[in-house]
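> Residue-level listing of the chains:
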Amino acid sequence: MRSIIRALRREGVLGINRRNIGYTLRWNARRFYPIVDDKLTTKERCQGAGIPVPALLAVARHHFEIPRLLREIATLDAFVLKPSHGAMGNGILVVRARDGARVERAGGRWIGESDLRYHAASIISGLYALGGQIDDAFVEERILVHPALEDVATDGLPDLRVIVYRGVPVMSMTRLPTRRSGGRANLHQGAVGAGVDLGDGRFTHAVQENQPVTRHPDTDHPLIGHTMPHFERALEIAVAATDLTGLGYVGADVVVDAARGPLVLELNARPGLAIQLANMAGLLPRLHAVDERLRPDLALAERIALGREIAKTAHGAIG
Amino acid sequence: MQRNVVVVGALFVALGLGVFAWKTRSLGMPIIPSGEGPWRVELEITLRGEGQRGSVRAPLPSSGPGQSVFDERTASEGLLFTIRTEGGQRIGVWSGRLSGVVRVVHGFRVQTNAVRVPLPLQAPQEPPREILASYTAATTQLPVHAAEIQAEIARQPLADPRDPVARVRTLFTLVAEEIGGVASGSDDAVLTLAAREGSPLGRTLLFTTLLRAAGIPARVVQGLSLRGSTAVQPTQWTEAWIDERWVPLSPVDGFFAERPEGLVALHTGEATAITATGSEAIGWRYHALRESLRQEELAAMMVPPNPLLARLSLYRLPVPTQRALRAVLLLPLGALLVAFFRNGVGVQTFGTFMPVLVAFALREASLGYGLLMVALIVLLAILLRLLLESLHLLLVPRLAVLLCVVVLAIASLALMGSFGGSELYQAVLFPMVILTMFVERFTLVMAEEGLRQALGRAAWTTLVATAVYPIFHSTLAEHLMFGFPELTFVVIGVLVWMGGYTGYRLLDLLRFRAFARPPENPA
Chain A
1 MRSIIRALRR EGVLGINRRN IGYTLRWNAR RFYPIVDDKL TTKERCQGAG
51 IPVPALLAVA RHHFEIPRLL REIATLDAFV LKPSHGAMGN GILVVRARDG
101 ARVERAGGRW IGESDLRYHA ASIISGLYAL GGQIDDAFVE ERILVHPALE
151 DVATDGLPDL RVIVYRGVPV MSMTRLPTRR SGGRANLHQG AVGAGVDLGD
201 GRFTHAVQEN QPVTRHPDTD HPLIGHTMPH FERALEIAVA ATDLTGLGYV
251 GADVVVDAAR GPLVLELNAR PGLAIQLANM AGLLPRLHAV DERLRPDLAL
301 AERIALGREI AKTAHGAIG
Chain B
1001 MQRNVVVVGA LFVALGLGVF AWKTRSLGMP IIPSGEGPWR VELEITLRGE
1051 GQRGSVRAPL PSSGPGQSVF DERTASEGLL FTIRTEGGQR IGVWSGRLSG
1101 VVRVVHGFRV QTNAVRVPLP LQAPQEPPRE ILASYTAATT QLPVHAAEIQ
1151 AEIARQPLAD PRDPVARVRT LFTLVAEEIG GVASGSDDAV LTLAAREGSP
1201 LGRTLLFTTL LRAAGIPARV VQGLSLRGST AVQPTQWTEA WIDERWVPLS
1251 PVDGFFAERP EGLVALHTGE ATAITATGSE AIGWRYHALR ESLRQEELAA
1301 MMVPPNPLLA RLSLYRLPVP TQRALRAVLL LPLGALLVAF FRNGVGVQTF
1351 GTFMPVLVAF ALREASLGYG LLMVALIVLL AILLRLLLES LHLLLVPRLA
1401 VLLCVVVLAI ASLALMGSFG GSELYQAVLF PMVILTMFVE RFTLVMAEEG
1451 LRQALGRAAW TTLVATAVYP IFHSTLAEHL MFGFPELTFV VIGVLVWMGG
1501 YTGYRLLDLL RFRAFARPPE NPA
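From first to last, the protein sequence lines are chains A and B. For the first sequence, the positions run 1 to 319 when this note's numbering is used. For the second sequence, the positions run 1001 to 1523 when this note's numbering is used.
Hints in this document: simulated from the structure, not taken from any laboratory. Please note that a few of the clues may not be correct.
As the list claims (entries may be wrong) - Chain B side only, calculated, beta carbon under 10 Å to chain A, not exhaustive:
| id | residue |
| --- | --- |
| 1 | Q1002 |
| 2 | G1344 |
| 3 | L1394 |
| 4 | V1396 |
| 5 | A1447 |
| 6 | E1449 |
| 7 | G1500 |
| 8 | R1505 |
| 9 | L1506 |
| 10 | L1507 |
| 11 | D1508 |
| 12 | L1509 |
| 13 | R1511 |
| 14 | A1514 |
| 15 | A1516 |
Every residue gets a Cβ at the ideal spot worked out from N, C-alpha and C, and that includes glycine.
I would like the entire structure built from these sequences, with the hints used as guidance.
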């Protein structure tokens, strides 16, 4: 156990207590949380600032609005029904095809309108919300996996997670769904996490359930060296989105649509720490470097350049 | 850790430890309870009147063989309190105007010890004439002349009247072995004899009646039986006059010419002697609490030499309040343990302090039954989800259905317990509110994050609760936190330190252990 602690210190691995005290409590004021916790607000803000997001198709804030929501999506072949305050991908229902009143879920199961109504009602009742409060249900366009990522993601949508500290991107990873994760991009449910080089968007290292892997477990496609499509643009909108929040330590989730390119999906005020495993690098050296080298009034492009510089020089002891 | 966190934490710890050190070193308050001390007993009488004058009389215990009574205190709302002595019996009288509900509380401390009374080997002294006259006479409850009693006496192979010990022994064996004891049996001597079974009171009255009928002076003693740490129950036993002294006997509780520890004699006579005049209704009950300190240690805790401390001593509070406070003051220790499990180890539990609440609930029931209840309701929650899933019910009504089923389950468990003769009905004591909260969190997590997560968290919650449980049962912890409430400041200080702990959690180490492996060769 001693040796593990020593190794973690050497690599500068950030633990939960330190993240809470030194970063989320310190840099993320409670009053800004609603902006990121409420996905509809995040979406609104981003649209206002010209940051691309998945298109909003319908909203139901009360039970009586559910029939209207169902009417509005009655002709859509593909869409995603989500809770506005959901956490960890809970309560997300993805529809990929339609046959009259029946629709096909991403997993291949056909469901009827009553199931959609029940799901929307559960969302509004707060079943999937953090803390179980009353929630809003909304429908947005379904993102199509970019062809460049089809070989490394099964049954679901991969995303890019960027940790942005005081406006500087410090680390990023992509979460690749697997059959074991049931198509979800959730690391603790078995998705693969691959560290993404901030410089060129290449996958540097990958883990599944905390164990290193080099190939995608379902497709056997090599992961290391694979490149994130449109990485430059994705990084830019991720940092731009966090600039709107007033928060200093944020995880921005970006998805890359086959047609529309990178879109900001959501922001997270308490981003997880598994990104360090995916990169095999600790966050602390980079966070300290930002504290030392960040000058006020840096433009967006300069902050991204600083983040890339820090990621290159303040790397842990890999290699 | 930040410096200000260290300093603030240290201030709290120093404050708590400082007061603690002063109280123990300079004032000589005991740190470690020496074991089982005296009992603190309180009689609480509630009267209801409509403004008329009235009074209430209650017999008070005196010191004597087997018990020493001290530190008597009385609290009555505006009533005048006097103590009278009538025929050697101390009687407390509270009198005044009774309007509305009036509460009278009389408390005392009592140290009980076992006493053995030597029986004469030779022919004993004849009892004095006046004792013989008043304690062999028939009364309503001791119907010495009843035909059934006389017939029973005639049937028994009684020894010569000059050997009263042998006569007593025969009757004692008769009642102990041939008259069965049932809690719901008769309270009447003759009926008990006829049915060959009776209540504890019925058997005691029968035994006393038989003694009187056999010419041995005998009387009933009303008292209290104190057991465990808070159990108090009214009880009776018999005393017979043999060779110049009263000898305690109880075929019901199985003592002969001795008095076991834990008995307090209140008065003699067949009926309870708490009476009231001018009152519409009267109710009373006894509370008791066993001190974990010896008498002289208790004195140091209760009346410290410092006048301010003497005022602040929690030992001066009424017994029910003390009992509640003793439990409540242990909560910070439980919270401390939970903070350690969550921030030091990194486990997830339902709610922040659910484990403390569960452990607190287990305090009333017992660990085994409590865990059984938790397992049972978790099982019910899972089953119910399978049954109700296809109905697509909304959350709150679904949880309410679950609550109904849990209530039914508890009722049936209690019933099963009463049939099976085991103590399963104890599970009923497991507070409903906490069970409901537990099952609600379980259902929510099950719906949001899946069964595995929910079971994991239920297991951790129960585990942490089990770890907290011994604290709530520790006499030492109770004595320390109740006798030295300033230790709560120490807990606050340690919590401040814990809150500023930025090191790794145990589960962080497990999760990031891959970093400790030698790096693979870059391809």
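> Closer than 10 Å between Cβ atoms is the bar; does A1516 of chain B clear it against chain A? Give me holds or violated.
This interface hint holds because 4 Å falls under the 10 Å limit.
> Just to be careful: measuring from the Cβ of G1344 of chain B to every Cβ in chain A, is the smallest value less than 10 Å?
With a closest approach of 9 Å, the G1344 of chain B hint holds.
> Does the interface hint hold: is A1447 of chain B within less than 10 Å of chain A, judged Cβ to Cβ?
Interface hint status for A1447 of chain B: holds (6 Å vs cutoff 10 Å).
> Given a cut of 10 Å on the nearest C-beta pair, is the interface hint for L1507 of chain B held or broken against chain A?
Result: holds, 8 Å to nearest chain A Cβ.
> Regarding the hint that R1511 of chain B lies at the interface with chain A, is the smallest CB-CB distance below 10 Å?
holds (6 Å)
> Taking the least C-beta to C-beta distance, is L1506 of chain B closer than 10 Å to chain A?
Status holds, d = 8 Å.
> Taking 10 Å as the limit, does the beta-carbon of V1396 of chain B come near enough to a beta-carbon in chain A?
holds (8 Å)
> Can R1505 of chain B be said to touch chain A, with a Cβ gap under 10 Å?
holds (6 Å)
> Closer than 10 Å between Cβ atoms is the bar; does L1394 of chain B clear it against chain A? Give me holds or violated.
This hint holds: L1394 of chain B lies near chain A, its Cβ roughly 6 Å from the closest one there, short of 10 Å.
> Against chain A, is D1508 of chain B within 10 Å by beta-carbon distance?
At 4 Å from the nearest chain A Cβ, D1508 of chain B passes the 10 Å test, so the hint holds.
> Checking hints one by one. Is E1449 of chain B an interface residue toward chain A, by the C-beta closer than 10 Å rule?
holds (7 Å)
> Under 10 Å, Cβ to Cβ, is where G1500 of chain B needs to be relative to chain A, so tell me if that hint holds or is violated.
holds (7 Å)
Of the numbered hints listed earlier, not one is contradicted by the structure.
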